[in-house]
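As they're listed, the protein sequences go chains U, R and D.
Residue numbers for the first sequence follow this note's numbering, beginning at 1 and rising by one.
Residue numbers for the second sequence follow this note's numbering, beginning at 1 and rising by one.
Residue numbers for the third sequence follow this note's numbering, beginning at 1 and rising by one.
No wet-lab data here; the hints were simulated from the structure.
Check the hints yourself; a few may be wrong.
FRET-style restraints, in silico, Cβ to Cβ [stated by the list, open to error]:
(1) Leu152/R with Asn306/D: 50 to 58 angstroms
(2) Leu127/U with Ile282/D: 45 to 53 angstroms
(3) Glu352/D with Phe171/U: 45 to 53 angstroms
(4) Leu113/R with Ala303/U: 23 to 31 angstroms
(5) Ser109/R with Leu3/U: 16 to 24 angstroms
(6) Leu152/R with Glu122/D: 23 to 31 angstroms
(7) Ile282/D with Gly170/U: 55 to 63 angstroms
(8) Arg8/U with Asp57/R: 55 to 63 angstroms
(9) Asp184/R with Gly170/U: 35 to 43 angstroms
(10) Leu113/R with Ser371/D: 21 to 29 angstroms
(11) Ser433/D with Ile128/U: 52 to 60 angstroms
(12) Val204/R with Leu3/U: 31 to 39 angstroms
Short, incomplete list of chain R residues facing chain U, as computed with Cβ under 8 angstroms [said to hold, decoys possible]:
(13) Gln26
(14) Cys28
(15) Leu131
(16) Ile142
(17) Ile143
(18) Leu146
(19) Arg173
(20) Val174
(21) Thr177
(22) Pro213
(23) Gly268
The model shown is predicted, which means the values in this text are computed figures rather than measured ones.
Idealized CB from N, CA, C, for every residue including glycine.
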Amino acid sequence: MLLYLLRRLVLAVAIVVLAVTLLFVMIHAVPGDPASIMLGPRATPEQRALLHETMGLDRPLPVQIVTFFADVVRGDMGTDVFTQRPVSRIVFGEMPYTIVLILTSITWAALVGIPLGCYSAIRRNSLIDKFIGVFSVGTIAIPSFVMAVYALLIFAVMLGWLPAIGAGEGFWDRVRHLILPAFAVGVGWVGYISRIVRASMLEVMGESHVRMARAFGLPERRIILRYALRLAILPTVTVLGVGMAHLLSAAVFAEVVFARPGLGALIVNAVGTRNYPVVMGTVLVTTALFVISTTLSDLINAALDPRVRESL
Amino acid sequence: MPATDMTRSEGQPMREPSAWVQHWRQLCRNPLGLLGLILVVLMVGSALLANVIVPYDPAQVMVGPRLGPPTWHNLMGTDQLGRDTFSRVIMGGQVALIVALASLSAALSLGLLLGLVAGFGPRWLDNGLLLLLDSVRAFPVIIFALAVVTLLGPSLYTVVFVVAITSIPVYARVVRTQTQALRDHEYVLAERAMGASTRRILGVHIMPNVIGPLLILASMDVPLVIALEAGLSFLGMGVRPPTPSWGTILNNGYNYIQNSPWPVIAGGIPIILTTLGFTFLGEALRDIFDPKLRRDL
Amino acid sequence: MKSRKGYSLNRREFLQTSAMTTAGIMAAGMPLSQAIWAAEGSGGGVLRVRSYADINKLDPGFYQNAYNVDVMNCIYSKLIHYKPGSEWETELQAAEWIEQVDPTHIRFKLREGIMFTGGYGEMTAEDVKFSFERVIEHNSPVKDDWGPLDHVEVEDDYTGVIVLKSPFEPLWNVTLPYGVGHIVSKKAVLEATEDGGDFGMEPPSFSGPYVLDEWRPNQVVILKRNPEWTGPKPGFDEIRILPIGDPRTAETAYRSGDLDFTHISLSTLDEFKSDPPQDTVIEERPSLYYVYVGMNTENPKLQDINVRRAVQWAINVPQLLDVGYFGQAEVATGMVAPGLVGHREQALIPPEGDLEKAREYLREAGAEGISLRIDVLNESKFTAMAEMLQAQLGQIGITLEIDVQDPGSFWSIGMESEGDRWQEMELILQRFSMVPDPYYATTFFTCEQVGNWNWERFCNERFDELNAEAVTVQDEEERAEMYREMQDLLEESGAYRFLTHEGSPFVYRESVMTPATRPDGRPLFRFFDPV
């Protein structure tokens with residue numbers, strides 16, 4: 001088990017390094033230049049060249065990549081081209097907003113989605129199952145940014161119940177500001193989770209050990225919770241791990257629509273202005289976040305499924 | 001329950017000449033599945049026949065007032081350039097179909113292949129593939145899209161490429177997880193003990209079991225694909241104008257939401273209907289084709 | 001807006017109008033400490049406004065973009081400032097008086113008692129000298145704003161003379177009342193930066209009615225009253241500037257009450273007018289931006305001037321503006337907006353163009369059925385106009401392909417230092433910001449700028465001559481005539497079709513404030529008054 005953990009850790013670091021390197025190469029192949037945006041139309045070519053030099057953009061790509069990682073190991077993620085602030089301060093300043101948004105969204109989606117899916121599977125083909133089915137499909141179908149826009153128009157503008165933009169100050173105000181974005185980001189996942197739980201529940205309930213349990217006359221409730229749901233949740237956990245990346249994209253839209261601070265808004269802006277240090281820093285952190293969440297989901301998978309656990 | 005009928009069909013229905021007829025009957029007994037089929041047929045049909053159906057050239061400007069409401073001439077109103085939204089929605093179906101088919105089939109086949117190899121192959125291969133897949137997947141989709149679109153320029157092909165590449169790891173990973181779980185099942189172990197080749201085990205035992213959930217995922221991914229395309233348009237990186245796509249229609253609608261609600265509705269409804277269609281149909285097909293369900297019940 | 005009077009015409013007149021218009025508010029000549037203002041007592045409250053981007057530079061000597069200057073206006077002082085209102089005028093701020101001794105010498109006297117925060121003492125002529133000269137010394141990207149500045153002579157604590165190498169008219173319209181005109185504390189900046197260079201986002205000391213209290217990046221900029229401020233008491237106790245890029249989001253935020261002042265987009269102006277939120281005032285101001293379709297004169301497809309003319313004449317400007325701005329933007333006659341020196345009464349080509357003429361030019365060039373490509377920024381107004389342009393050019397048989405670009409790649413298309421895309425550029429839909437002096441627009445179209453910011457690669461000797469000379473001419477009419485000729489030259493080259501200056505409507509809640517803006521609608525937050 002310890003060996004497994006260690007291996008996962010090495011793997012995780014390898015993924016982050018590979019992904020960031022890939023991105024580094026890709027983003028430098030993309031046309032565009034931070035200097036022209038930063039210095040504005042008044043800058044002379046010499047001034048731009050000078051800025052390139054201070055940013056290290058004139059050095060060969062491999063050197064830039066190695067320097068980047070060497071600096072990161074020393075805890076330095078570079079400086080923002082525009083404001084000259086350390087990238088680490090910017091990224092870690094924005095990160096909590098995105099994490100809170102994603103976790104809130106996924107938590108409420110799972111809390112609603114799992115019971116729905118479970119119930120659907122048990123009462124398969126009943127009217128309620130069909131209703132839940134239509135409902136989940138409907139929620140998946142609507143892109144999160146459309147959901148965000150409508151939520152904003154209805155609840156913030158028309159009804160005025162909730163604040164429209166920003167992240168708020170103080171605990172309750174923050175919670176109020178979180179409701180609409182979390183709703184928009186999470187609502188599609190309710191459907192998604194309930195579909196997956198339903199599908200795998202049906203599968204698991206047909207499996208031999210569940211039928212065995214049933215043959216032994218164990219109470220249905222116990223069979224479902226103890227045997228079926230535990231296994232049926234596996235694909236959900238995997239999907240949730242994978243979902244972090246999707247959620248980050250959804251968060252991008254939510255952050256843009258609700259003018260919320262966060263990694264998504266930060267990265268879109270940084271890519272648009274070719275603010276390379278901030279792009280790299282943000283991607284480094286988001287890939288790390290992502291890798292952590294998939295590793296966790298694998299570990300949970302292992303803990304829940306004896307079959308996977310044995311193969312470790 | 002329709003499922004009880006399935007028990008009567010034989011072990012390997014695919015070889016029977018009447019299998020398709022049976023499946024058709026099964027489908028007819030599933031109203032939601034049938035509804036799904038109808039929606040999918042409608043969508044695919046209108047996309048294929050789009051050139052015949054559309055009353056106006058979808059790129060023709062000023063065929064009506066700007067952002068006009070629905071009338072008899074313009075069934076779904078007009079957009080900000082006075083183009084006929086109905087024509088654009090119908091033509092947009094073509095775009096959606098191309099994007100979804102091209103990218104999902106590419107992603108599915110590659111994902112299936114990679115997942116099977118990773119799940120069943122030797123450990124080192126599994127690890128290597130997993131590393132690569134996880135690295136690709138670890139990019140936030142939008143960032144990947146941003147880089148690719150700026151590199152290749154915004155166009156339909158770029159969208160297909162982005163969607164395909166970013167979906168592969170998801171499928172591959174699901175397939176891998178399923179394969180690994182199945183690999184240690186008694187019947188696979190038994191088959192292996194009897195000296196069956198890897199290809200046979202993969203093809204006969206693992207593939208059919210893996211493909212069910214995968215198809216469900218894919219059918220549920222159709223809307224995600226369309227949403228991704230819409231999202232790319234939302235950030236100004238979608239198909240090249242004036243190509244009509246539901247995403248662009250929706251996005252333009254959002255841009256002018258204060259002026260008129262119609263474009264958003266016109267762009268959103270086909271997305272929702274298509275999603276419903278594909279999902280219901282996918283579910284129904286799963287009920288019919290999933291070998292494990294049938295064997296057990 | 002037609003009147004150009006009072007704006008940089010005659011220096012003496014300028015001073016008089018300034019003195020007159022300021023008399024009531026600024027109590028010219030009186031030491032500031034004695035003038036505890038009538039505004040005292042009223043006021044207070046929080047002003048919540050939107051800016052289209054988050055601040056990223058607070059050093060005025062190295063300023064970038066108007067949204068940074070909006071904040072600088074509040075936290076620093078300068079010799080003269082733009083007067084709020086609908087005419088381009090300036091009035092005295094930190095200067096007790098300022099006069100043009102001769103074309104290259106400008107003498108000023110500071111008001112007494114303007115204090116720098118943080119114990120850096122009173123503002124002196126030495127600080128003015130330091131603030132202005134460091135722009136040139138440290139090779140600021142905006143050093144052109146100071147043009148031919150030679151040095152500043154300090155006469156005593158409060159008096160000094162700005163010495164220019166050659167006459168520089170934009171000094172009065174841009175340099176002094178805008179970004180680089182702000183005065184920072186020499187002592188404080190030297191302590192913070194050692195060499196007096198760019199201090200970026202960390203102002204070591206403030207000299208305005210407000211101080212930067214807190215900056216939460218991408219969330220809010222909070223300005224609070226400067227307790228050490230001795231000048232006229234500003235209206236609001238606190239100003240919260242929320243950076244919101246997307247105008248739709250801003251409009252929503254306004255409607256839901258999160259903001260009390262914001263600019264809105266032209267396409268929603270009608271909706272706001274027909275369904276205004278409660279106690280909302282909508283004001284429409286003309287803006288200075290200039291939007292045009294440019295053509296790369298060196299691209300093989302466009303080398304023939306007749307092809308370019310064909311495109312020029314095929315463009316129906318009102319039709320483009322109709323889809324881009326919902327008919328809320330006026331047709332431009334050139335780069336210089338109405339109300340500024342050098343505005344042309346009309347363009348050479350009529351706004352609607354002429355398809356027959358366009359076809360004729362195309363025939364002459366033998367380029368029928370040609371296909372062209374246009375690069376546009378990924379904003380809905382630009383893509384909408386590009387799509388309309390596609391339809392218009394289609395009418396004369398030109399196939400137009402639209403390339404939508406994100407800002408990062410768009411803003412480097414024509415730069416030779418950024419690859420070879422400048423060669424492939426054909427048509428471009430361009431929008432530049434502008435300051436209230438015509439020199440700012442024309443400087444980008446000289447031969448020297450080819451491949452830098454002159455992406456159309458337009459190069460004309462006469463144009464360059466005029467451009468160099470016009471900044472030195474003091475007679476306003478003569479100067480205006482030169483800028484008109486320059487715009488004619490641009491248009492005659494076939495490489496430009498001017499579209500619009502856009503517009504800048506804004507909304508505010510009259511129950512909360514009386515806003516104060518420049519003629520082009522840019523807010524001057526320090527003059528906002530609470531109700």
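**Request:** Give me the numbers of the hints this structure contradicts, sorted from smallest to largest.
**Result:** Hint check: 1, 3, 5, 6, 7, 9, 10, 13, 14 fail, others pass.
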